[in-house]
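J.: Quick mapping for you: the protein sequence lines, in order, are chains A and B. Quick note on numbering: UniProt numbering labels position 8 of the first sequence as 8, and the sequence is numbered without any gaps. Quick note on numbering: UniProt numbering labels position 131 of the second sequence as 131, and the sequence is numbered without any gaps.
Misleading hints may appear alongside valid ones.
[Claimed, not checked] If we take Cβ atoms under 8 Å as the criterion, some of the chain B residues that face chain A in the derived model are: (1) PRO70; (2) GLU215; (3) GLY219; (4) HIS221; (5) HIS267; (6) PRO270; (7) GLY272; (8) TYR273; (9) ARG289; (10) GLU290; (11) GLU293; (12) ALA297; (13) LEU298; (14) ASP300.
Derived from the structure by calculation, the hints contain no laboratory data. Built from N, CA and C at the ideal position, the CB exists for glycine as well.
Take a look at the letters that make up each chain.
Number of protein chains: 2
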Amino acid sequence: MWAHVGQPFAETAYDVVVVGAGRMGAFCARELRRLAPALRLLLVEEGGLPNEEGATLLAPGVWSAHDAPPGREAEAAWTRAQLAGPLGDVQFRAAPLVRLTAQPTPGSRPTAEALAAHPEALALLDPAALPWAQVDPAAATFRPGAVALNAAQEAVRLGADLLLNTRACPGGGGEVTLERLSVTNTHEVVVHERRVVRAAQVVIAAGAAGAALAEHGLGVHTAHGRAYRQSPRLEEPSTEASPTLRAGGLTLRPQAGGWTLAPAIWHRDPQGYVPGGGALTGVPTGLRRETLEDLVALMDAVPALAGGGLGLGRSLSDVPGAWLALPHGRPDAPPLWQRLDETHTLLLGGPLADVLGLGVAHGLAAALAGVPERPWAPAG
Amino acid sequence: MWAHVGQPFAETAYDVVVVGAGRMGAFCARELRRLAPALRLLLVEEGGLPNEEGATLLAPGVWSAHDAPPGREAEAAWTRAQLAGPLGDVQFRAAPLVRLTAQPTPGSRPTAEALAAHPEALALLDPAALPWAQVDPAAATFRPGAVALNAAQEAVRLGADLLLNTRACPGGGGEVTLERLSVTNTHEVVVHERRVVRAAQVVIAAGAAGAALAEHGLGVHTAHGRAYRQSPRLEEPSTEASPTLRAGGLTLRPQAGGWTLAPAIWHRDPQGYVPGGGALTGVPTGLRRETLEDLVALMDAVPALAGGGLGLGRSLSDVPGAWLALPHGRPDAPPLWQRLDETHTLLLGGPLADVLGLGVAHGLAAALAGVPERPWAPAG
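Construct all of the structure, not just a fragment, from the sequences and the given hints.
T.: Here it is as structure tokens:
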């Protein structure tokens, strides 16, 4: 493991290089070490573990059967089982997810009844506006950042090499240019040294930046998108036992005594979009305008959003946010891997990485290792 | 009529001020003069007729029954009838619209048969990829810019006042601040003089800028959106008799011996987005990336898009484009007017203005004139 440029790195060839140690790349690396210990493996991360600017750190960390794409329930359940134990402490907590609607849905019951044991959750809502509740008792919350950290650490324990603070640029013929970064005393990030390694297989798991990296480095056209999601806080009381709530696409996750909001992503952001704060009838906010509008539209049903507890901020830096990959440019597309050429594979998480990401990362590792079985599929 | 700041303007009060002389505002003004000649009316336009930066000038100018929202067919037909005659020469031309699909649709027939009389249209396509054609024989093409010009001129003939090169800022209590603009010899637009007029009713018909104008001037929150649409050219031969084609959301309108493309709008652009050119595997283009991706996805079905005739440009200024209002933030929402308070009404055209815009603008004029009948509705 090389964390900084003071540690000389002299390797020149690997069987597999994984670019990006978010949860997708880190878990893929861990699974590769388990399934194919003979393969020489390098995991490269531009930041630390987890990258402070990556999507993993700010992902909601909500697993719910509601989110499992049809036909992939077993793979989603396997992802949940990984989170619940084998990855070490990822702050996994079984917590029901309660989806609130104006109209009854299959299996729903009255909101006041479903949330009777959770007055702190009921207090956020107007049960008259959201009278129906559909409960997923199998849901859970966890820390995606801890998933990336633990998976990367286990990959290293199992024999992977790890380069931190290193930008990796895939190029033709399996060459990967590694730019080891350091920070000057004026806080400028500079390239300290450049090295080239050769890899038989390169996995590009760079999140929202992955598709552009493939296009620039390999000249491969892809049609994936990205979106900038902010996660504002709602400072109203929650407890260790509070359920996760969802209404109108907005997810409210109990966290640290309050609630962390995961706004819906409706569509991609255009190339060239620079996130900026919004304004509500002239008052500047750190929340982007589209998210503000969604929250305003929900204020009647979730009156707590209209109170002083919502962290609107005054400028963009006040509200945590990150770029998220959108596979196929769609907010509802599951995580995927895609062969770009004989050497390169793109691995994307995106909005459904919480529920299915580890299964997809495992699937790529198994494919690279030549293992036909999947642990979630019945034998035969 | 006041076209420039050299013409002194001293009026102080109107019954109705219409902000914006695109086709929506100009036609609303014309209808107001016809329905309520007693009302003193001022039409204000920031640019000329039509505004070179407005959505009207670059609108596709394609009327099709395919685009009429369910239940509003009569209003759409009335819009068509206005374009066909009463507005003077708007280059109206009856031209079938042929919607091409991979799967049969109700009433569709084989593409090769439907386009047998139009070899120049058939030559753009691969009929094996788009074997089915649904023809709208009632479709027509026209020049939206001429609609705005003719409607504004007729409003003036009928007694409206018209201020060009004037920015109008609605404020509280029916005050409208008029900023008369001139251009310095270094091509800078400056405010030459400011005047305030009072209006009993203000119609904000400023296109994509309308919702922001209402919010800034009146403190009213709206949830409308906007999108930046570019209209690249495809230089392949067309004739005066060529049909309009549509495939995968892309409209190809025969114009000036070639084809003008109207790409689909899938969703709003975020606030703060600054349009920029895209790049295709490293080659810079003037077309935005999202439009490029749509065209690339269509290249198998419409091989002409992959030839040298497509005007990709090298930078944004090479490809005509304009901001379009999206009512309710949705690309499929019809034009609308919306009361903001007792004095102000927002009038929005958007993607369906070609098919329904004049009906909606008439409806607002009739409402302001106190006329309950609509010309497209059966009496009684």
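J.: What are the numbers of the hints that this structure violates, sorted from low to high?
T.: Checked against the structure, the hints that fail are numbers 1, 13 and 14, while the rest are satisfied.
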